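Enquirer: Now for the letters of each chain:
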Amino acid sequence: MRALQADGWSRLTHVARAWPTIQQIAFSGMVAYRAEMIIWVLSATLPLVMLSLWNSAASGGPVGGYDQVDFARYFAVNLIVRQLTGSWIVWELNWNIRKGELSPRLLRPMHPLVFNLCETLAALPFRAGILFPLVGALAAWRPELLFMPSGEALAAFSLSLLLSFVLAWLIQAIFGMLAFWFDQSMGFWSAWFALWSLAAGYFVPLDLFPEGWVDFFRCLPFYATLGAPIDILLGRSAVGANLAFQAGWTLVAGGLATAMWRAGIRRYGAVGA
Amino acid sequence: MSRKLGAFRLEVVAALVRVSLLTAMQYRASFLAEFVVGLLSAFGVAVPLFLVYARVPVIAGWNLDGALLVTGFFLLYNAFVAGLVEPNLGAVVDGVRSGELDYLLVRPVDAQLVISMRKVAPAAVWELFAGLGVVGVALSRVGVPGPGPVFVAVVLFVAGLVATYGLWLLVICTSFWFVRVDNLRYLLGAITDAGRWPVSVYGRGLRLILTTVIPVALVSSYPAMALLERLDTDLAFGAVATALASLALSRWVLFRALRNYASASS
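Chains as they are written, first to last, in numbering that gives the first Met the number 0: chain A, 0 to 272; chain B, 0 to 265.
Everything labelled a hint here was simulated from the structure, so no lab data went into it. Be aware that one or more of the hints could be misleading.
Claimed, not checked - Which stretches of chain B does chain A cover? Using the computed rule of at least three CB atoms under 8 Å from a CB of chain A, they are:
(1) 32-38
(2) 109-117
Unchecked claim - Selected chain A positions facing chain B (in silico; Cβ < 8 Å):
(3) Trp-18
(4) Thr-20
(5) Ile-21
(6) Gln-22
(7) Ile-38
(8) Leu-45
(9) Met-49
(10) Trp-53
(11) Gly-63
(12) Ser-102
(13) Pro-103
(14) Phe-187
(15) Ser-189
(16) Ser-196
(17) Leu-207
Stated by the list, open to error - Interface residues of chain A toward chain B, partial, derived using beta-carbon atoms under 8 Å:
(18) Thr-44
(19) Ala-56
(20) Val-62
(21) Ser-236
(22) Leu-255
(23) Thr-257
(24) Ala-258
The model shown is predicted, which means the values in this text are computed figures rather than measured ones. A virtual CB, placed ideally from N, CA and C, is assigned to each residue, including glycine.
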């Protein structure tokens with residue numbers, strides 16, 4: 000907790016100094032449990048199940064502006080964005096808070112959430128590595144899906160992907176921190192995930208929902224964590240509006256997460272842990 | 000493990016189920032939260048179907064009613080896995096790691112019985128209702144078939160459940176050798192998710208895997224085909240044979256694994 004009390008600048012340099020070491024530790028941990036990691040990543044292949052349905056549906060001609068190649072492309076990018084914005088903080092916080100394992104983490108001279116962010120980033124090269132065979136298999140099955148986006152689209156996509164990553168991580172942290180108040184917050188997370196699967200464009204491109212719903216879903220935080228970067232890369236929605244909503248939701252989630260941490264940690268201490 | 004009469008086994012099962020129901024019902028708030036989750040995930044399975052059929056009337060030979068039937072059976076299967084298979088066999092993996100499995104094995108009952116029936120997750124009942132509802136709606140639209148097709152469908156579905164249980168048990172047994180496999184079950188869950196659509200949606204290779212190796216099509220597509228009277232009955236016998244083989248194999252592997260198991264304390 001010492002780092003929290005220090006002033007902003009020294010806190011930042013402190014994190015920056017510890018960063019490479021933590022990255023290294025986290026990455027080594029990942030390599031040690033590599034079989035487990037590969038299984039985790041492979042179990043996020045639901046977009047491919049969804050693709051099979053839409054691929055069959057589009058066999059007779061385009062469906063709602065998407066032909067078979069468009070669907071393959073959509074779900075390939077979907078897979079990539081989902082992997083690169085993934086984290087496990089909701090499970091970790093839930094477990095650590097319930098079992099009291101948060102206590103030793105609080106003693107470390109680095110904020111537990113910052114520590115987790117660092118671990119999440121360390122997992123990225125690993126996740127990217129596992130994406131290769133999956134996306135490679137998709138591209139082998141349907142080579143037409145490969146395309147060269149313009150420089151601008153790529154830049155906007157990178158920014159959008161970054162915002163998605165931060166927002167998704169913050170939202171998971173928020174649900175994990177609910178464990179400060181409820182013994183078990185995974186139920187809430189499952190409910191959120193079920194809503195997210197539909198409204199984020201995970202199961203179905205949002206374009207395929209009926210008229211009014213599309214615009215409504217595009218304003219929500221679900222879409223900001225997944226659909227927004229996909230649609231930006233594929234040029235299917237307005238770049239500026241997507242980025243604005245993503246930034247807005249990230250600010251809201253950041254504020255909420257900070258407030259929850261402050262209130263929660265006081266409560267956690269009050270239990271005597 | 001000691002051999003006892005069948006009646007005794009049934010009594011044990013009933014007692015185990017009763018106790019786990021009572022335990023789970025204590026947490027009323029979480030039980031209700033699970034209700035919302037069950038409803039939402041049933042929604043998640045059905046909404047893409049409605050969206051796609053709003054634009055295309057027939058997909059890979061299936062119309063909306065047929066696909067709904069498949070979805071309904073898939074939800075029923077999910078209820079079985081979430082309510083009975085996962086809580087029990089998942090606990091085995093944790094038990095091997097923490098050593099708690101020893102306490103189960105010393106009980107004077109068949110080890111497989113006590114491992115497989117110890118816990119019930121009552122929240123799965125919502126998915127069960129959702130599945131029954133979807134099957135009911137779909138059947139009311141296509142018309143209820145005669146007793147023959149219904150019988151075949153039920154046989155196929157039960158055989159599929161047994162085969163899946165066997166597969167799960169096999170996967171779980173690997174934890175006796177490689178301790179850290181708890182997320183293999185997530186992988187299994189992810190693959191069986193493919194059962195939510197009619198199996199003809201997939202390519203030929205995948206279709207073969209989903210009918211034989213990971214027989215999730217047996218649970219969803221084939222019962223639906225039986226009810227729609229589009230299935231040859233030979234397959235029903237094949238399915239039953241698969242189920243029995245899977246059950247026997249998994250039991251054999253389990254007992255081999257248990258003999259191998261050096262428990263946490265020894």
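Enquirer: Now, for every hint given, state plainly whether the structure supports it.
Expert: Each hint, compared with the structure:
With a cut-off of 8 Å between beta carbons, the region 32-38 of chain B has 4 residues touching chain A; three or more are needed, and the interface restraint holds. Only residues whose beta carbon comes within less than 8 Å of a beta carbon in chain A count, and the region 109-117 of chain B has 0; fewer than three means the coverage is violated. Residue-level restraint check for A/Trp-18 is violated (minimum Cβ-Cβ distance to chain B is 28 Å; threshold 8 Å). Interface restraint check: A/Thr-20 against chain B, minimum CB-CB distance 25 Å, threshold 8 Å, status violated.
At about 23 Å, the closest approach between the beta carbon of A/Ile-21 and any beta carbon in chain B exceeds 8 Å, and the interface hint on this residue is violated. Taking 8 Å as the C-beta cut-off, the interface hint given for A/Gln-22 is violated, the closest approach to chain B being about 23 Å. This hint holds: A/Ile-38 has a C-beta 5 Å from the nearest C-beta of chain B, less than the 8 Å allowed. Because the closest C-beta pair between A/Leu-45 and chain B is about 6 Å apart, less than 8 Å, the hint holds.
Here the hint on A/Met-49 is kept, as its CB sits about 7 Å from the closest CB of chain B, short of 8 Å. With 8 Å as the threshold, the beta carbon of A/Trp-53 comes within range of chain B, its nearest partner Cβ sitting at about 7 Å, so the hint holds. Hint status for A/Gly-63: holds, given a least beta-carbon distance of 6 Å to chain B, under 8 Å. Among the interface hints, the one on A/Ser-102 is violated; its C-beta lies about 21 Å from the nearest C-beta in chain B, farther than the 8 Å criterion.
Hint status for A/Pro-103: violated, given a least beta-carbon distance of 20 Å to chain B, over 8 Å. Checking A/Phe-187 against chain B: minimum C-beta separation of about 7 Å stays under 8 Å; hint holds. Annotation: A/Ser-189 was flagged as interfacial toward chain B, and the flag holds, the nearest CB pair being 5 Å apart, inside 8 Å. For A/Ser-196, the suggested interface contact is upheld, since its CB lies about 5 Å from the closest CB of chain B, less than 8 Å.
Restraint check, A/Leu-207 versus chain B: the minimum CB separation of about 5 Å is within 8 Å; hint holds. For A/Thr-44, the shortest C-beta to C-beta distance to chain B is roughly 6 Å, which falls under 8 Å, so the interface hint holds. With a least beta-carbon distance of about 5 Å to chain B, the hint placing A/Ala-56 at the interface is held under the 8 Å criterion. Evaluation of the A/Val-62 hint against chain B yields a held restraint, the C-beta minimum of about 5 Å falling below 8 Å.
A cut of 8 Å between beta carbons decides the hint on A/Ser-236: the least distance to chain B is about 18 Å, and the hint is violated. Given the 8 Å rule on beta carbons, the hint for A/Leu-255 is violated: about 20 Å separates it from the nearest Cβ of chain B. Among the interface hints, the one on A/Thr-257 is violated; its C-beta lies about 26 Å from the nearest C-beta in chain B, farther than the 8 Å criterion. Annotation: interface hint on A/Ala-258 violated; nearest CB of chain B at approximately 23 Å, more than 8 Å.
Checked against the numbered hints given earlier, the structure breaks hints 2, 3, 4, 5, 6, 12, 13, 21, 22, 23 and 24 and satisfies all the rest.
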